[in-house]
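In order, the protein sequences belong to chains A and B. Heads up: the first sequence at position 370 corresponds to 370 in my numbering, and the numbers run straight through without jumps. Heads up: the second sequence at position 123 corresponds to 123 in my numbering, and the numbers run straight through without jumps.
A portion of the hints provided could be inaccurate.
Stated by the list, open to error - Within a straight-line C-alpha distance of at most 30 Å, the following computed DSS-like cross-link-like pairs (lysine-lysine) qualify:
hint: 1; chain 1: A; residue 1: LYS515; chain 2: A; residue 2: LYS503
hint: 2; chain 1: B; residue 1: LYS284; chain 2: A; residue 2: LYS67
hint: 3; chain 1: B; residue 1: LYS284; chain 2: A; residue 2: LYS294
Don't read these hints as lab results, they were simulated from the structure.
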Amino acid sequence: MSILANKDTRVVIQGGAAGVNAARRMAEFCYLIKRPLNVEAFVYPPDAGKANEIPYGSGLIAIPIYKTIAEATKHHPTINTTLVYIGADRAMKGGMEALDDPHIKVVSMITEGVPEKDAKLLGTHARKLGKVFNGPSSIGIISAGACRLGVIGGAFDNLVLSKLYREGSFGVITKSGGLSNEIIWICSQFADGITTAIGIGGDAYPGTDYVSYLEMFENDPQTKAVVIVGEMGGDLEERAAEWYGAKKRRVKLIGVVSGFCQESLPKGMKFGHAGAKEGMKGEGSARSKSDALKKSGAIVPPTFGALGPAIKDAYQELLKSGQVKEPIEPAALPRLPKSIEEAMKADEVMVAPLIRTTISDDRGDEPCYDGYPASELINKGYEIPHVIGLLWDKRLISKQEAEIIKRIMMLSADHGPCVSGAYATILAACAGIGLSQAVAAGLIMIGPRFGGAVTDAGRWFKYAVDNKMDVDEFLAYMKKNVGPVPGIGHRVKSLRNPDKRVKELVGYVKSLHIKTPCLDFALAVEQVTATKKDNLILNVDGTMAAVLVDLGFPVDSLNGFFILSRTIGLIGHWVDQKRQDSRLIRLFDYLVNYAAPKRREVPPLK
Amino acid sequence: MAKVLEGPGMGLMKKWGIHVPHYSVVTSADELSKLGHVNEWMKQTKLVAKAHEALGSRFKLGLVKVGLDLNGAVAATKEMIGRQVGSITISQVIVSEMVPHKDEYYCAVKSTREGAEILVANCGGIEVESNWERVKRLCLDVGQTPSSDQLEKLAKDAGFTGPIAKKMAGFAEKMFTCFDNEDAQYLEVNPVVTRESDGELIALDAVTLLDGDAKFRHPEWNFQFAAEFGRAYSKDEVAVMAVDSKIKGSVKFIEIPGGDTAMLPAGGGASVYYSDAVVARGGKLANYAEYSGDPPDWAVEVLTEKVCSLPGIKNIIVGGAIANFTDVKKTFGGIINGFRKAKGDGKLKGVKIWVRRGGPREKEGLDAMRALKDEGFDIHVFDRNTPLTDIVDKALQK
C-alpha cells in the first residue's frame, strides 16, 4: 500500500519540455517495476494535436498532447492526477483548470516562484473540493513499487540503489527536493525502504502540509514510520508535532529540522527556501520546531547525520516486535537499455558506419580541414585557395599555387548577364525565387555547352601528355574517338581578337618558370587548330584545365573551379535583381519563332 | 520576500489612498534646494531628513535628522550623501514633512497560511513593542475581503472609541486593499498618527515587504528591492544575483564577514543542513551559497569563483544530497573550472576542499573532482555512502 500515488494513478502532465523530461523519468520507473507507462496525456496548447514520444525500455510511446485538461480527460477518462510544469505566471490558471476537472483528484505543482497568494488560493480551492493540491515547488511524489510522479527519485541507477522497485515501511515528507532523495536512500540503507515519499515544496505556504499527509500515512497499514525533514519558518512542523502529540498514533514519527545556524548569524539573514524565514518574535525557529517535535514524542536526532542510525533503531524495533519482516529482494531487475552512444562508450556494441569521410571533421570545438584546425590556418596566413587545396585534393598547396588558383577564380567569377548561368539566375530572381534555388538554377546550366568543359579538357590534354602523343596524333585520336577537342574554340574570340583572360593567365603562369607540360601541349594544339579555323583557339576552360592539371589537381575536381568561381557571380546577379525589385520576365512574342501548326479543330474523342 | 525602501513603500500606500506625509527622495543637496523653490510644503513645515538606504539603526549613526527647516535639510543632505557606512555609500536621502501629532497608533497586515491578518493597536512607536498584548487581530481567508463591520469591531476591540474607531477601521481597510493588490507579504505602519491640522490618520513610518515572485504582474514596480539584513549587497553578491536572474535553476550567495568555512553546497534544503553542521561543530561560516535546479555550468563557475575569493577561508564545503535531476558531472565541471581559475589567480593557498555528492552522473562528477588532486588541490572526495554532513565533521575536527 501507499498514499496519494499508487498503481491506479493515471497522469496528465501540464507543460512543455520540463514535463516531457518528467515523463521520461516516470517511464524509467514504470519500466523498472514492469508496469505500463502511467502518463496518459500532456496538456500544452502550443503543441496541441501533436504527440510527445517517450522512451520506454527500448521502444517509444507516443503520448498525445491536448489543448485543455477537459479534452485530455474526455479522451482518457482514467486520468485522476496532474503534474503542473507550467511557468509561474500561468501556474495558477493551469492549477485551477485541473482542480475544476471532475476526473482529477490530485494536483502536484512543480513550478517554482509561484506568488504566495496564488498558492494559497489554489490550496484553499482544493480543500473546498476535497482534493489534494501538492506544492508549488514540489519535486514530486513516489510510491515504491507502484507509482512515480515527477522526477523525484533521480536517475535510474538511484532508483535501483534506493530499492524503489519494492515497498518498504517508511513514509517520507520533505520540503526539499534534494533531501527527499537523500532520505529515500537513507531509508533503503538503514531500514527496508519507503512506502511513499512526498516533496511538499519549500515555499512559505505549501498547498498541503505535513498533517494532512501524516493522517494519510496513519491510515496506510503498510507505513510503520514517517520521516519528516523540516526547515525553520512557518509553523508546519509545530502543527505536525501537535498532531503527533494529540493522541496515540500507530506510526512512529522521526523528524529533523534545519536552521539552527540562524542563531549565530546576523539578524535578518535568510537562507534556503522561500519558506525558510523566522518570524519576528522567534516563532518558527529551528529550535522551537525541534523542541515541539521532541515534546510530542517524536524521535528527533540531534543532527542530520544522526538520522540514519535513528531510522535504523526504529526499524530494528519494528522487526523485533514483528510489525515488519525482512524484505525479499527480487531475483533480477530489468536493466535500462543503453542508448547507442552509451553502449559504444562502454565498448558494448560495434556499429558499421553509414558513410566514410577523408577530408574534414568538426566534432571538436572547430572544424579541421584535412586535420588542420581552421583557426590555425587563418592565424598562420593561409587563404581560401589553401582550403580548396585541402578539401579538394587533401594537400597544403604552396603560396605560388594559391596565387594561380586565386587568379583563376577572379577571372571566372562572372561573365555578364547574358550567358546561360547568369540568365537563368536572373530569370529565377525575377520570378521571386529565393537565393539558393535561383543560384542552383544558374548552376544547373553548367554543362557541356556552358562552363562545364574544364574537366573534359583537362582529361584529354592529360591523356595526351601521359601517353606522350604529339599534336597531330592527338587531334586524329580525338576526331576518331571523341569529337571536337574540349577547351578549344570560342564563339566570338579568335587569334586576331584573343581572349584577354587566357592571355593574362597564360602570361602569369609562364612568368613563374614552372613545369607546365599540359599547358604547353594545349598551346601547341591551339597553334594547329587556329590555322585550320580562326576561332579554334584555346579558350578559358581549356587554359584553366591545363594549368590545374599541371598543378596536380584531380581531373574530376576541375569543373569545381568554374562552379565555385561562377557562384560568386550568380549570387551577385540574384542580389542585384532583388535590390532592384525587378519585375517578372516574360518573353515577347516577337522573340519567338512560332513554328507550331496553325490553329485547327479538335476531332471528337475516339 | 522582498523589502522595499521607504520612498517606494510610501508611494504604494499613497496609491491606495493612505495618507502619507509629503516626501521627496533626492540624490544631492542641490536637487533638494531646487525642489524647495517649487514645493511649498518644504518651506512651510519642519522637515525630517533620513538616509534612504537599507541600513539598520540609522538614528544611532546620525543618519536621521529631525526638526529641520529647508536650509537645515539641505545641509543634512549634503552631509549624508556620499558617506560610507560599512559597505554602503549613501546615495539617496528622503526628506519628508514632520507631522505635528499627539497620539500614535499601530496598524499592520501580515500574510498567514490561511490568508492574511490585520493587526491594530491604539498605541504606537516603541510603546507597541512592549505592549504586544494590546495588538488585536482580524484573520481573513485568502480571497476574503474584510467588511466595515469587522474592521470597526477590530478597532473597538483594540480600544478605539468614538469617531476615531471608524477612522482607524477605514485606515485598516486601505492598508488591506494595498496589501492585497500589491502582492505584499507584510505591511506595517508604526506609528499611525492623527494630524493635528485636520484630524486625518497619517502613515508616518512604514515597513513594506512584497512578494518578489509576483513581480511579473506588477510592471509598475519600478523600484529595486533592498537587502533585508541591514546592509547593502556586496559587489560579488550582486554579481551572483545577476547571474541567478538569467538562468534556469538558481545560484545564491551571501557573504558573512569574519568566517573561515566557505560553503558551496547544492540544494536549498541540504545547504542549510550543511550550515547547521558547521555551526554545530563550532565553525564559523564565511558565507551562504547554494546552487540548485540543474543550473548551467558557467553559472556554478561564477559562484565558485566568488566563494574562492572569500578572505581568510580554510575549508570549502562542496556538499550536496543525492540530486534528482541536477547533472553532477556538469555542475561539478563548473566548480572545477572555478577552482582552477581561482588557483591560477593565486587563491586557495592552504585551503582544504571537501566534497560529498550523489545524483545523475555522480561517478563521473566525483572522479573529475578526485582528479584535481593531481593538479595540486588539497581535495577530499566522498560519495553517497558517506552521510550528508560528515564532510563538515571531517573538515572541522581538530
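Status of the hints after comparison with the structure:
no. : hint                : in the structure
1   : A:LYS515 x A:LYS503 : 18 Å, holds
2   : B:LYS284 x A:LYS67  : 53 Å, violated
3   : B:LYS284 x A:LYS294 : 27 Å, holds
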